[in-house]
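With UniProt numbering, the residue at position 129 of the sequence shown is 129, and numbering never jumps.
Where hints are given, some of them may not hold.
Here are the simulated DSS-like pairs of lysine-lysine, each with C-alpha atoms no more than 30 Å apart in a straight line [stated by the list, open to error]:
| # | residue 1 | residue 2 |
| --- | --- | --- |
| 1 | K65 | K125 |
| 2 | K147 | K102 |
| 3 | K65 | K353 |
| 4 | K103 | K147 |
| 5 | K226 | K140 |
| 6 | K136 | K125 |
| 7 | K293 | K353 |
| 8 | K140 | K125 |
| 9 | K312 | K375 |
| 10 | K103 | K90 |
| 11 | K238 | K213 |
| 12 | K226 | K65 |
| 13 | K213 | K262 |
Keep in mind the hints are simulated off the structure, nothing from the lab. Being a predicted model, the structure only gives us computed values, none of them experimental.
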Amino acid sequence: MHGAKTALRAADTRQAGNLPGEEDIRQLFYRAIEQRDGSYDGLFYTGVLTTGIYCKPSCPARTPKLENIRFFPTPAAAEKAGLRACLRCKPSAPFAGEGSWKKVRAMCALFEEAEETPSLGALAKAAGLSEGHAQKLFRKTLGVTPKQYGGAMKLERFRKASRAGHSVTRAIYEAGYGSSSRFYEKESAALGMRPADYGKKGEGQTIFWTCRKTALGTLLIAGTAKGLCTVRFGESEKKLAASLAEEFSNAALLNAEKAAKKSEADTLGTWADALTRYAEGLEAWPELPLDIKATAFQAKVWAALRAVPTGKTATYGQIAAAIGLPQSQRAVARACAMNPVALAIPCHRILPKSGSIGGYHWGPERKEKLLDLEKEPPSEN
1 MHGAKTALRA ADTRQAGNLP GEEDIRQLFY RAIEQRDGSY DGLFYTGVLT
51 TGIYCKPSCP ARTPKLENIR FFPTPAAAEK AGLRACLRCK PSAPFAGEGS
101 WKKVRAMCAL FEEAEETPSL GALAKAAGLS EGHAQKLFRK TLGVTPKQYG
151 GAMKLERFRK ASRAGHSVTR AIYEAGYGSS SRFYEKESAA LGMRPADYGK
201 KGEGQTIFWT CRKTALGTLL IAGTAKGLCT VRFGESEKKL AASLAEEFSN
251 AALLNAEKAA KKSEADTLGT WADALTRYAE GLEAWPELPL DIKATAFQAK
301 VWAALRAVPT GKTATYGQIA AAIGLPQSQR AVARACAMNP VALAIPCHRI
351 LPKSGSIGGY HWGPERKEKL LDLEKEPPSE N
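Use the sequences and the hints to build the structure in full.
Put into structure tokens, the structure is as follows:
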């Protein structure tokens, strides 16, 4: 499903300018399933391994667990894997817009296969359309122009080459940029860091971390001297510490409880205490300093999320309007899903327009508990 996967990357980062990894794609797909979002119908199909059934994203059936799901680009691919069509949503039946998706997939396939960005004429030929209609359909479906899509593909190739250990210069040329100056001029800002640092996983940084038990589960809090860089929930301190070590494998990771640099460790401890007391309903939401990488779009969204008052909620559309990009609701949802500091950026305050609890990276149950907690003033204990 490589082509469909990349199509979703473009669609959900149309304003953000960054591309997710495999696990991010799974989370985006799963969010679509949780919300029964019909706009994803035709982009992918959900195979439920425990039942042997495959469905459309909008299927009204009970949402399966993520670990029991495999995603497929077409009904044929799901059936080849031994799954059968759901009788409720009938995923193998034709649906409105299917023809358009096939044309867009044909154009996306050219980007996958070609080393150079294909011309508009080549894309139009693949889709069986005129150049004007091809460009219009591409943008309407994915939210980006073919030129922007091609740029995103190049940037993704640079990321992969950089992570593979290639030099910056080699990665730039392998990605298809004509020169390093062209890359620095057009793309480096989208990385959120200097190109030479990309893929270094925190090299040269000192990150303090600690874990706290809360009513919402075990919480990992990590940060530099400047601010928080990671806040996440998990099953255990051991697993959380392992995930932090994987993400920042080249950083100096110091357990704040054992660190020799007491002043910086104590600062992190103060931040951790504030978040823990907040999660227990003992303290108001603390606006803490952050040290995170973000695109310009993500920075706008995350700032808008921190401006939503405690005890209040907003929709993706309201956040999109607040940052002056009312058509970027899906990109806003994407930025929420990429929030690296749970609680410190309160993305749990964002709800779907339907009024349902919606998705949440750390689970809808936690989201509901947080919203309930914020309805009451903090205890004086």
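Consistency of the hints with the structure:
no. : hint        : in the structure
1   : K65 x K125  : violated (41 Å)
2   : K147 x K102 : holds (20 Å)
3   : K65 x K353  : holds (24 Å)
4   : K103 x K147 : holds (17 Å)
5   : K226 x K140 : violated (41 Å)
6   : K136 x K125 : holds (14 Å)
7   : K293 x K353 : holds (29 Å)
8   : K140 x K125 : holds (18 Å)
9   : K312 x K375 : holds (8 Å)
10  : K103 x K90  : holds (22 Å)
11  : K238 x K213 : holds (13 Å)
12  : K226 x K65  : violated (37 Å)
13  : K213 x K262 : holds (22 Å)
Figure legend: structure checked against the earlier numbered hints; hints not met, in rising order: 1, 5 and 12.
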